[in-house]
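> These are the residues of each chain, in order.
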Amino acid sequence: MAHIPDGVLSFPVLVGGGALAAGAVALGLKKIGDEDIPRTAILSAGFFALSLFALPVGPSSVHLLLGGLMGIVLGTAIFPAVCVALLLQAVMFGFGGLTTLGVNILNIALPGAIIGSLVAPLIYRATPARAALIAGVASALCVGLTGLMVAAALALSSADYMLSARVMIATYIPLMLIEGFVGGFCISFVKRVKPELLAGAA
Amino acid sequence: MSLLRATDTHEHFLARLDPRSRIISSLLAVLAAVAMTSLTGQIAMVVAALALAAIADVDWRAMLHRLAHVEGFMIVLLILLPLTMPGRALIALGPFALSDAGLMRAISIVLKVNAAVITTMALLATLEPVRLGRGLASLGLPARLMHLLLFLVRYQSLFREEGARLMEAMRARGFRPHANLRTFRAYGNFTGMLLVRSMERAERVEESMRCRGFSGKFPLRATRALSALDIAFTLLLALILTGIILLDRLA
Numbered sequence: 001m002a003h004i005p006d007g008v009l010s011f012p013v014l015v016g017g018g019a020l021a022a023g024a025v026a027l028g029l030k031k032i033g034d035e036d037i038p039r040t041a042i043l044s045a046g047f048f049a050l051s052l053f054a055l056p057v058g059p060s061s062v063h064l065l066l067g068g069l070m071g072i073v074l075g076t077a078i079f080p081a082v083c084v085a086l087l088l089q090a091v092m093f094g095f096g097g098l099t100t101l102g103v104n105i106l107n108i109a110l111p112g113a114i115i116g117s118l119v120a121p122l123i124y125r126a127t128p129a130r131a132a133l134i135a136g137v138a139s140a141l142c143v144g145l146t147g148l149m150v151a152a153a154l155a156l157s158s159a160d161y162m163l164s165a166r167v168m169i170a171t172y173i174p175l176m177l178i179e180g181f182v183g184g185f186c187i188s189f190v191k192r193v194k195p196e197l198l199a200g201a202a
Numbered sequence: 001m002s003l004l005r006a007t008d009t010h011e012h013f014l015a016r017l018d019p020r021s022r023i024i025s026s027l028l029a030v031l032a033a034v035a036m037t038s039l040t041g042q043i044a045m046v047v048a049a050l051a052l053a054a055i056a057d058v059d060w061r062a063m064l065h066r067l068a069h070v071e072g073f074m075i076v077l078l079i080l081l082p083l084t085m086p087g088r089a090l091i092a093l094g095p096f097a098l099s100d101a102g103l104m105r106a107i108s109i110v111l112k113v114n115a116a117v118i119t120t121m122a123l124l125a126t127l128e129p130v131r132l133g134r135g136l137a138s139l140g141l142p143a144r145l146m147h148l149l150l151f152l153v154r155y156q157s158l159f160r161e162e163g164a165r166l167m168e169a170m171r172a173r174g175f176r177p178h179a180n181l182r183t184f185r186a187y188g189n190f191t192g193m194l195l196v197r198s199m200e201r202a203e204r205v206e207e208s209m210r211c212r213g214f215s216g217k218f219p220l221r222a223t224r225a226l227s228a229l230d231i232a233f234t235l236l237l238a239l240i241l242t243g244i245i246l247l248d249r250l251a
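Chains as they are written, first to last, in the working numbering: chain B, 1 to 202; chain L, 1 to 251.
There could be a bad hint or two in this list.
Selected chain L positions facing chain B (in silico; Cβ < 7 Å) [what the hints assert, rightly or not]:
1) Trp60
2) Leu77
3) Ala89
4) Leu90
5) Ile91
6) Leu152
7) Phe175
Pairs of lysine-lysine, DSS-like flavour, derived with a Cα cap of 25 Å [as the list claims (entries may be wrong)]:
8) Lys217(L) <-> Lys30(B)
9) Lys31(B) <-> Lys194(B)
10) Lys194(B) <-> Lys217(L)
Hints in this document: simulated from the structure, not taken from any laboratory.
In this text, a Cβ means the ideal position worked out from N, Cα and C, and glycines have one as well.
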C-alpha cells in the first residue's frame, strides 16, 4: 500500500523526496560501524523477508510495513535498510518505482526512525508487558504517519489527487490496528526470548 | 531469482551489456515515461517499452502476471480519480458522476505506470541482483550500501523459507487465521521468532566473518571499461527517447 509507482507524482515532489532520502540514507550509513555491517544487513534481510509475507486476516490479507519495529531494532540504519529493500522490490517484483524510490523511503523509514529512536530506550528498560504496549502504540503510529505522508505526497503533486488522498488515509486505519497488535506481541516475544535484539538502538 | 527468463545465462546481447549501461538506460527510459504529458506520448512510451521487452526476450506470461498484480494503492487511485476530479460528467448515478477529466487522468496514469514497469522489467529484472549491486557500486553509490544490498539478496530467500516453515508448523498445530486477537498474537510471535532467528544467524555470520579478518570492507572487483556496445545501446535508446519526448511535446 505504501509503494507509490513511477508516473503518479510530480517532479518537484520526486526531486525533493529524493534529495531528503539521499541525505537520510547517507546519515544512516555513517552510523553503522564497520564491524556492524553483517549484523545490520542480515537483520535487514529478516525484516525484508517478513514484509514479503501476505498474512491472511479475515477475508483479505495484509503485508506488514514494519516501520515501527525496524526503527526500534535498527535505529537510523532503517534508512539504508529500507532503501535497498525498496530498490530490490522495484527491480525484482515491479512494486514501487525507481523515480519514487526517495519518496517511498521517507514514507516508510522516517516515521520509524523518529518514533523508533524515541521509544527504543524505554522498551529496553521496560517489562515485557509495558514494552509490548509501547511498541504496539509506536507501530500503529508509524503506519498512520506513513499513510499521512503518502497522502501528502499525492496532494502536493496535484490538487486533483486531494480527495483520493483523503480516502486513502482511511484505508490505513485497519492496517494501523493490525500492525499495532502484531508489533506489540512481537516485542513482547522478543523481550522474553532475546532481549539483546533491542540493545542496538537503545 | 527473477521471475523472468534468465537472459543472463543465454547468449543474448543484453547479457553482454555492462550493468552500468543497463542501469543508466532504464533510468533514462523511466524518467522519459514519467515526463510524458500527452496521450500520444504516453502510448508511444508503452509501445517503446514493449519493444524493449521483446528485445530482452522476457517471459510474457510472467510479465502479464506482474502487471495484473496491481497494488491496492493503484486501485484506490484509479477508482477514485474519475469520481472525485472536477470535470464534465460522462455518466451520473445519483450523487456519483464519472468526470471526463478524471477518467483521462486515470488512463494516463495507467499508461505511464505500465510503461515504467515494463521498462524496468525488460532492462533490470533480467539482471542478476549481484551484478546490479556491482553496477550500482561502480556508478558511485556507497560501497556500504551495496554490501547491504548483496546481504539482502543472499539472506532474504533464506529467511523466507524459514518463515514458510514456521507458518507450516503453526498450521500443523491447528492455527487458522481470523481477524481476532489470537491471530494477531500468533503473527506477533511469528514475527518475533523470525527476527530472533535472523539475529542468531547474524551473530554466527558476524563471528565467522571476523575470524576471517573482515574489517568492514570487501575487496571490490576492478570494473572493466565500457564497451562500444554498451555506449551504442545507451546512446541509441537516448536518441529514441528524445524522439518520443519531441513527439509528446508537439502532439
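> Indicate, hint by hint, whether the structure satisfies it.
Each hint tested on the structure:
Given the 7 Å rule on beta carbons, the hint for Trp60(L) is violated: about 14 Å separates it from the nearest Cβ of chain B. Satisfaction of the interface hint for Leu77(L) is found here, the shortest Cβ-Cβ separation to chain B being roughly 6 Å, below the 7 Å cut-off. For Ala89(L), the interface hint is violated, since its Cβ never comes within 7 Å of a Cβ in chain B; the closest pair sits about 16 Å apart. Residue-level restraint check for Leu90(L) is violated (minimum Cβ-Cβ distance to chain B is 16 Å; threshold 7 Å).
For Ile91(L), the interface hint is violated, since its Cβ never comes within 7 Å of a Cβ in chain B; the closest pair sits about 18 Å apart. The criterion of a C-beta within 7 Å of any C-beta in chain B is met by Leu152(L), whose closest approach is roughly 5 Å, and the hint holds. Among the interface hints, the one on Phe175(L) is violated; its C-beta lies about 11 Å from the nearest C-beta in chain B, farther than the 7 Å criterion. Of the supplied pair hints, the one linking Lys217(L) and Lys30(B) holds, its CA atoms being roughly 14 Å apart against a limit of 25 Å.
For a cut-off of 25 Å, the pair hint linking Lys31(B) to Lys194(B) stands: about 23 Å separates their Cα positions. Of the pairs offered as hints, the one joining Lys194(B) and Lys217(L) is violated, with about 29 Å between alpha carbons and a cut-off of 25 Å exceeded.
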